[in-house]
Amino acid sequence: MSYTLDGDTGPWEVVVGLEVHAQVLSESKLFSGAATAFGAGPNSQVSFVDAGFPGMLPVINGECVAQAVRTGLGLNAQVNLWSRFDRKNYFYADLPQGYQISQFAHPIIGTGVIEITLADGSTKNIGITRLHLEQDAGKSLHDQHQSKSFIDLNRSGVALMEIVSEPDMRSPEEAGAYLTKLRQIVRYLGTCDGNMDEGSMRADVNVSVRKAGEEFRTRCEIKNVNSVRFVMQAVEAEARRQIEVWESGGTVGQETRLFDTARGTTRSMRSKEDAHDYRYFPDPDLPPLVLEQSWVDQLKASLPELPDNRRARYVALGLSPYDAHVLTIEKETAAFFEIVAKGRDAKVAANWVTGDYFAALNRLKREVADSPVSAENLGALLDLIADGTLSGKLAKDVFEAMLEADEPPAQIVETRGLRQVTDTGAIEAAVDAVLAANADKIAQYQGGKVGLFGFFVGQTMKAMAGKGNPALVNELLKQKLG
Amino acid sequence: MMRPTDYTIAEGLRALDKREISSVELTGAYVKAIEAHNPRLNAYITVTAETAMEAARASDARRAKGEVGALEGIPLGIKDLFCTEGTRTTAGSKILGEFVPPYESTVSGNLKRDGAVFLGKLNLDEFAMGSSNTTSAFGPVENPWSRANDPAKRLVPGGSSGGSAAAVAARLAMGATATDTGGSIRQPAAFCGIAGIKPTYGRCSRWGIVAFASSLDQAGPVARNVEDCAILLRSMAGFDPKDSTSADRPVPDFAAACTRSVKGLRIGVPAEYTMPGLAPEIEALWQQGLDWLRDAGAEIVPISLPHTKYALPTYYVVAPAEASSNLARYDGVRYGLRVTERDSDLRDLYERTRAAGFGAEVRRRIMIGTYVLSHGYYDAYYLKAQKVRALIARDFTQAWEKVDAIVTPATPTSAFPMDERQDDPVTMYLNDVFTVPANLAGLPGLAVPAGLDGQGLPLGLQVIGKAFDEETVFAVGAALERAANFTAKPQVMA
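Chains X and G supply the protein sequences, listed in that same order.
So in the numbering used here, the last one in the first sequence is 509, and the numbering has no gaps at all.
So in the numbering used here, the last one in the second sequence is 507, and the numbering has no gaps at all.
If we strip away everything but chain X, and leave its shape as in the complex, we get (with noise of 0.2 angstroms):
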């Protein structure tokens, strides 16, 4: 069933797209050899290229142009062979060289297409309309002194992938699943680290509303949303902002606004009539890109695992659907489930990773990235379960063992005489005891109230501090008992 917003007119249908401005993975910046490391001090990562200083001249990165091919490649997007970077004329004091170097009319990356995954477990394809590469201007701030705005230029020319999509969305979920799915593809293929609270990734949100079979209305750019809740708040409150508007006999003019993110509203930026007149044309100072198709070729070869080969690679191991979506989601957990499971049963150990793993991971509110236990040192939980040393329960106080020191299996066992007793001898000394101790239980469970068989097995299983082979203690029982 489709996603519509009521109006007091009836139902209207929600157009989106997303421009997701994506930081580059690089050592370097776009166009200087300058550094990239988020949170260092300001202005200490600026060369006099990016500082707009006489002269200076901007020359390109060739791993941002390799990593933007390689994003564009895990889009399943057409790649140009050439392409060109043009100026973006504006005076800001944060862009120091009074222009943005960005690919306007000739873009690295062209039409492509991704398949997102909605919570009722369908599928949709969003098509990708182009990808370019643009560096970043620095950063303002206005709240360091009364009276001064401060400027921190380490951003400046930092490589940003803008990667613009079709319209093609029609819900807030669509939205955020187009933007999640996004962001696990550059993981993945290690393009941009995804971090939105950083900055690395913000997408301006492009809405507009329109009543089922129309032409696409006017649409409005909500700027610079910083994660994928926020992107879909935004959506339904502008959407809903829009359709009053056509309701009450208004007309929606195409303007840039900003989502106020404690109101949950959106808010007028600058309407069209004050849009910039950027005065693009090619940077004189860079001549057009031109890859070879062969290196393209290698780049392709080299390219890691994509999510959805991935996904695909687990149901195939015989994962169900959930579980393989829910251990690809993030690349760090996918690669934490490959260890556990490699040489394993691989239904037990992603049972163990989506069970027990994640359990502890949210309670302790850790990451994989942190992770309190090492999926070598879960893999060889697994391997004392298989091989009978420990018992499914035994597992589970071993495993809370691992999570205060995350130190091999094997070693907790014996440190605290965990293994479990599969020596006949010892259990039924332990039966026998237990059997002496209990002749009046004997007597009723022998006059058919069988339920007391589990009391037996109880009783032994405390004897012996929870370490008798279960099935063991259940076997000798069940002979003594006759």
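Check the hints yourself; a few may be wrong.
To be verified - Beyond 12 angstroms from chain G on every Cβ pair, some chain X residues (computed):
1) ASP33
2) LEU145
3) LYS250
4) ALA328
Said to hold, decoys possible - Covered stretches of chain G (chain X as the covering partner; in silico rule of three or more C-beta atoms under 8 angstroms from a C-beta of chain X):
5) 107-121
6) 225-239
7) 246-259
8) 380-391
9) 405-417
No wet-lab data here; the hints were simulated from the structure.
The C-beta atom is built at its ideal place from N, Cα and C for all residues, glycine as well.
Position chain G relative to chain X; hints supplied.
For chain G alone, coordinates are given in the frame of chain X:
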């Protein structure tokens, strides 16, 4: 007895080599010459006499140890568009304030690497925008030549490298760096009776040179003769990974090319360069130059460059467009001049700073450039100009099927008085009519002094060559120079 300032660079290098003179003596003579004549000519904005003498002493010490660079001990002037580490760089503008670059341009760095001594920073039109060196915020430069019948009339040295040309002509430097966007090396060289070459686009790195119009700007030398230009260019040129438009090709021995015979070379004469406004004396000199080359064994071939008449208007769209963007960085935020009032917001800071910092000609070109790139005008102006530019380049490509080099006048007139042509920018722009096509096509162009007009003012011829074929250009230029035997000297001279 030869005075130190009489040496050409080639002669100076030989004299230094034979220990007939030291760099300290040579440099000292130039420092004195500057003290004597710069107050009148205003060729230098900044004179670095002390550091020059230090550099000369260091050079002599190197030479004593046998470490001899290609320009070891040669005192040069540097156009004040090249960033020089530790020495104020103005671009002839107020807007850079007291800007002292923390880096050295690649070209000036190459000269230093080869042992050159820098005397100071040479005057120019503001941001290299001009053809008379009258737009400098540091005052106009005077041409050391004057008219025989009106010696008191002060003449322009041409522009934008007016300081470079005047200094070299008046013996205030052995040679100088210059830049050429539409004729800024060749036109002042012609006006001052010296040689100057704009090499092929990409031959010299633009890194560290204050940008005017990036797709046209090229550095080159001016010197007293063609051979000296060849020696300087060899040091200045070379691939620079810091400039994406720099050409990764070997740098030939240009000086050796100056002795090549022109016998059998085909010299093109473009019909379209005979145009109204061309002084008859210059037309006659052009013919004379062609006769000299024919006498030396070259073949003279009439050619057509049909889009020539569009070159100037094309240039005056493309160059201001790029300039309007290149000059956006001078905003008062990070360095240079900043003008604010008590309550200035950012926009007010921009407006006050840029209004106070840029002169009238720079403001005019920023306005033109902004206009031609604006929404709704881009296709009609900038895009059209780019298309015409391609046609102009194609004219040359087709010509190279028939000829090896092209010879034209360097300028339509000789040097004019400082108080003329100042009120009509278009008349001023016409100075570049013969030089602009080579910039648009990215080709090398050399100006050679070839004679005097009736007033005793120098006139130059231009040799245009194929891309990266400066050697043929030098060979033809040197042949013209030998035939012309230009020995006249300016009235103001050390």
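Taking the hints in turn, this is what the structure says about them:
no. : hint    : result
1   : ASP33   : 40 angstroms, holds
2   : LEU145  : 40 angstroms, holds
3   : LYS250  : 19 angstroms, holds
4   : ALA328  : 28 angstroms, holds
5   : 107-121 : holds (count 6)
6   : 225-239 : holds (count 3)
7   : 246-259 : holds (count 5)
8   : 380-391 : holds (count 5)
9   : 405-417 : violated (count 0)
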